[in-house]
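4 protein chains.
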Amino acid sequence: MSKKIRLGMVGGGEGAFIGAVHRIASRIDDRYELIAGALSSDPERAARSAENLGIHSSRSYSTFTEMAIAEKQREDGIDAVSIVTPNHMHFPVAKAFLEQGIAVISDKPLTVSLEEALELEEIVKESGCFFAVTHNYTGYPLVRQAKHMVETGELGNIRLVQVEYVQDWLTVKEEDGGNKQAEWRTDPTRSGPGGCLGDIGTHAFNLARFISGLKVEEVSADLTSFLPGRQVDDNVHVMMRLEGQAKGMLWSSQVAPGNENNLKIRIYGDKGGLEWHQENPNKLIFSPFGEPSRTLTRAGHGLSDEANRLIRTPAGHPEGYLEGFANIYTDIADALLECQAGASPESVMKLIPDIEAGISGMKFINSVISSSQENGKWVKLDA
Amino acid sequence: MSKKIRLGMVGGGEGAFIGAVHRIASRIDDRYELIAGALSSDPERAARSAENLGIHSSRSYSTFTEMAIAEKQREDGIDAVSIVTPNHMHFPVAKAFLEQGIAVISDKPLTVSLEEALELEEIVKESGCFFAVTHNYTGYPLVRQAKHMVETGELGNIRLVQVEYVQDWLTVKEEDGGNKQAEWRTDPTRSGPGGCLGDIGTHAFNLARFISGLKVEEVSADLTSFLPGRQVDDNVHVMMRLEGQAKGMLWSSQVAPGNENNLKIRIYGDKGGLEWHQENPNKLIFSPFGEPSRTLTRAGHGLSDEANRLIRTPAGHPEGYLEGFANIYTDIADALLECQAGASPESVMKLIPDIEAGISGMKFINSVISSSQENGKWVKLDA
Amino acid sequence: MSKKIRLGMVGGGEGAFIGAVHRIASRIDDRYELIAGALSSDPERAARSAENLGIHSSRSYSTFTEMAIAEKQREDGIDAVSIVTPNHMHFPVAKAFLEQGIAVISDKPLTVSLEEALELEEIVKESGCFFAVTHNYTGYPLVRQAKHMVETGELGNIRLVQVEYVQDWLTVKEEDGGNKQAEWRTDPTRSGPGGCLGDIGTHAFNLARFISGLKVEEVSADLTSFLPGRQVDDNVHVMMRLEGQAKGMLWSSQVAPGNENNLKIRIYGDKGGLEWHQENPNKLIFSPFGEPSRTLTRAGHGLSDEANRLIRTPAGHPEGYLEGFANIYTDIADALLECQAGASPESVMKLIPDIEAGISGMKFINSVISSSQENGKWVKLDA
Amino acid sequence: MSKKIRLGMVGGGEGAFIGAVHRIASRIDDRYELIAGALSSDPERAARSAENLGIHSSRSYSTFTEMAIAEKQREDGIDAVSIVTPNHMHFPVAKAFLEQGIAVISDKPLTVSLEEALELEEIVKESGCFFAVTHNYTGYPLVRQAKHMVETGELGNIRLVQVEYVQDWLTVKEEDGGNKQAEWRTDPTRSGPGGCLGDIGTHAFNLARFISGLKVEEVSADLTSFLPGRQVDDNVHVMMRLEGQAKGMLWSSQVAPGNENNLKIRIYGDKGGLEWHQENPNKLIFSPFGEPSRTLTRAGHGLSDEANRLIRTPAGHPEGYLEGFANIYTDIADALLECQAGASPESVMKLIPDIEAGISGMKFINSVISSSQENGKWVKLDA
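In order, the protein sequence lines correspond to chains B, S, P and E. One rule links them: number in our numbering = place in the first sequence (from 1) + 2. One rule links them: number in our numbering = place in the second sequence (from 1) + 2. One rule links them: number in our numbering = place in the third sequence (from 1) + 2. One rule links them: number in our numbering = place in the fourth sequence (from 1) + 2.
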């Protein structure tokens, strides 16, 4: 059996959402043991949460700073920490652990400002530590397949990238009704200046970037906040110009009734097109120009090694969000072991979303906001 | 039996596409007889086409001017003419018939320039004639249902209009290979300055306008011509601002492999959302916020009178493009009879696409081109 | 222009359903003129219906016998008659016209008993007349494509045929509430002994027979009438054994809420499978064993000549039930012209559903009822 | 934190499929620790597999008998054993552990004969032990929702149950090519007399039984083995008569190209219908008679407490096969804790599939085989 990764967690206590997802993702392939945590800024909740998760009280910390220092000093200290706090805490927590030489697995977006993101990049470099950001949608096997098909030229030269991530839960003023998730996500001091943009728009951007392999060079954007008094955008309209003369559109919204987590991407080149939906992620439609469309299925016929590497069950047995997330975690476990065996962090990233991916996301947020503030002026970026 | 409408046709001879569609649409409900035509600018082809269509040789004309004059003079002259030529001929043909007092049913786009369109509007007014433009997608029963639901407030205040019309046939340089349809559609002297924009982008715009009931107030656009040497756009990216603070996006393309006639609209208000696809037009998804989505079906349960008026077969027996087109033609037949009985053309239009719809389309084309030429600057319009 | 077929109609007056469908189907390609009729057994309704349809009063008949004789004697008498009455009238009407040497286009099922059907076969043979039965679902282009793929071996040896035709409108006792369609369809004296079985089960059977090219050799059936007092079956369960060791199941029901006209067929051989749904008939899923499934589309890439022959609009513009029905009518028009030019009726049938198809349907009904009456005993047939 | 269940496993070593699934299912909610195993009948493979799974060598056993005895004697012995062997080993292994008073979680089918199954039932009763059989499809939240809707009368009286489970992997003679999964599944000495019937037909039966709440009273069946030399059925056709005058059909096949794990159920009552597909399990279509169909989604609006209890992620984030399986395991963990606290096994089963479910499956297999051997004669059962 491979050595298990000793994992700590910051955030993710009672009432949180994404922390539980990270924990399940880390368990699915049995590569981690969760042994330490600063699960909440509320000490009582932190302790109670730790107990419920089977974390020994001696390793349940009141603050992340304390945890970073204490874990560093232990012989059996954690190998890595998962950061699953609201956005504004990503940076300070990551900094604290990196400075102790502890590997970091951070939720997205990377930080709440590009400045912080670039500073974090420096800290990562100086630390020599492994750092990953959980752009989890890249962990779906058929997303890997799509990327592979673009790379191997099955679509020809890419011309168009149409991506959207649409929800409906903020159609009403959810943040006024005691919904904690809504509260911090619509509070710019905790979520950063982008609302919908930072929360799910970055996922859409990252997915487009990952599959197409193309940087976005310019954006023209129109951000809206439809609900009176809402402090952040809840709808994102972006036109994009990408490397190699490609064009694209990105739509992200949290006010479109009937959409749950409707993340969808379509990519077209001069030889073919691809279409993938997160809500039914076990299908990938491939349309070679001039031929009937083909439905590729997870674990089905005609897939690449990379797509086939990431499955646990036969074709037709749906794998979903948690398994895609687990693929990221499991690849990180392999990477961490390689680092412990002496490999450089850079050399083990392969397709794991890295700090560059995180910074690209922050540049995207920044540029979209700038463009929207300047009434849609095309703003250049390198992301 | 209602008196049949005596119909003439300009364009639509051998090798044409849309002429045959108009003829089938006029026949489905048996309300027209096609008795005269100037079917081609090539006299031999015109004659041969007329013979094949059962038009008597005495009423097969070499030129539309000749036809307009001759038909006017006959006691049994045509009641209306269908114009199914390439775009640049819409204006002169319409003018010729209107000046003879003959009703006009014109294909879209209205003309090849806004100037012509406005001039045509004057001519229509002066003539006192009936004038319709065949924005046929508005004839689908579930499109009528969608419009009805917006009007009766089932979606609440409209916030978002996302529309797309996507094809793939111009992924390669089809116009260089002898494809007549591709040739004129990519030739700005015959199609007007908009390529994909005028050909199918206007349909998308018109559909959004029709269902939402909202004018577009501003557009920011990015037009592309992906194929080297192609003289018109083949991809259209537009951000829209609509009446009442609504926002939208329009994507139209003819270079997206795997898309045939993928016209799709999604509309969202503060109380619910709607989704409709032309390629499977017998379904309309309605998502009241906070409840499960419902699938409305053509001729199925819970539809408005207007949607139910336009059906010929029971639910589950698919009706398609030709029946939607026929709905427009049949409503026009009713309207023409009312005019003949003394009603004013304005009073009989109801939901028939009129010259205002045509002019709106031209304004949209114009503004999108202006915006794109000014690198996406927001351009105001009243359409 | 081809000579138009002079058409008469028996049945199809006010309040009827299928008559209007036949009329539209005959008009779509402009190959017929409807000039005579005995549209209702109620003389007033017959006359009024004729007037509404533009049939001259001199050719609106009170009885079909009178019509057959009178039309025979006219120089400009009808070329063919469409029979669109309730089932029990199919036989006597067909007989009357065939005996006058007039071609017959009959709705299905052929008759209300196998005895009648076999007698009709004799009459047809003796008459030397053209005779077709409108198993209209065989007119869909992608149904032709499916048949072609079976014939050319793309599925290999056929092993399985799974077919179903499911509706929901008789979930309640519709026939007690004044619904004329429900009344005669649940009245064995008018519909024949099969209820759902004769009404739509025969369509499912015919479709399976048409595409697979395989006769059904044995059936084991369980018929049910779920509504108390209903005189005919409203649910049909059949296991089938077909030629060449193939097996199959047929399910037909009129009491399955949520199903409108859900006719669906799946066929599997040792090399591949096919799936087609009537409610979205512009798609055909082809699954070659060991490869990704492909979605063939009407008028799209990779279709046979026969499938391509039957289209009017480009791919992505949905054609539906009426166009499929029109394909049958248009092929019949061609066939009738060939007959008039001296060809034998047998030589012109090609893929037009003929009396053999009708008799097969009757044998199927008969055998299914026998099997069900004998508690599911396997009953042999040659259909 | 709840006490973790100490789990052992028999079967599931290298090269096996379902063992890994059970392990992931047990890990997802972190309620088990796998600490003992007899993972293979090949001692070397057993040891190697144990090491890979982190099972201490002292608790990796060569035989299940040895394991049952040894674990019984340990103070820290396992609380339960998961049996994931080929079918013929289910009985002896279960017997061995039950006789030591150890709880059993067995894969399906229960045994390879009804005699064994009934004997096992006695053993379970005598042992007083907890016993579950992993009919995992009942763990999907929307399957629970469907059951709930049937129970609360939303469908009215059930009339029809149409279920199918279709695959394609045995379209060719896979068992001759070294595929271990195919080898034992087509070998009646290891899989039992039912091939496809026992492997997946029982899942379809169980799902129908679970959701409808109705026993099957009679079956008429036609089993086929399409491949020459194949020793078990690879296609299953069954007509069913259920409690309360309901009827149904079950189709199961492993030779239908294009089908991966196409388990699908449709249930109809006099007030509405339901439809659910395993391959996209996050949707449930509900069609109240006379109203538009509604799409219920996992974690979406309008679900029962039972369906909502079984989710980990928000609506629109697909959960799949492994999460459904995990729901069974997690409920079993709760049940085992209750037993350890003194509750009787019977009192804690709730919706966990129990030995009765397993015996029903065996009765179904038996009766279907009997019916098929008697050429489709209706065979009574009480299952």
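Quick caveat, the hints were computed from the structure, so don't treat them as lab data. These numbers were taken from a predicted model, which means no experiment stands behind them. Hints may contain errors.
Copies of the same chain look alike in the list, so a pair counts if it works inside one copy or between any two.
[Said to hold, decoys possible] Pairs of lysine-lysine residues, derived as DSS-like cross-links and limited to a Cα-Cα distance of at most 30 Å, are as follows:
#, residue 1, residue 2
1, 266, 217
2, 266, 175
3, 175, 285
4, 6, 365
**Request:** Up to 30 Å between alpha-carbons, please classify residue 266 paired with residue 217: within, between, both or neither.
**Result:** both (19 Å within a copy, 28 Å between copies)
**Request:** Pop the pair residue 6 and residue 365 into one bin, within, between, both or neither, using alpha-carbon distances up to 30 Å.
**Result:** neither (35 Å within a copy, 45 Å between copies)
**Request:** Since the copies are identical, ignore which copy is meant and state whether residue 266 and residue 175 lie within 30 Å (CA to CA) inside a copy, between copies, both or neither.
**Result:** both (26 Å within a copy, 29 Å between copies)
**Message:** At most 30 Å between alpha carbons: which applies to residue 175 and residue 285, within, between, both or neither?
**Reply:** Between. Shortest inter-copy distance 27 Å satisfies the 30 Å Cα cut-off; intra-copy 35 Å does not.
Violated hints amount to a single one, hint 4; each of the other numbered hints is respected by the structure.
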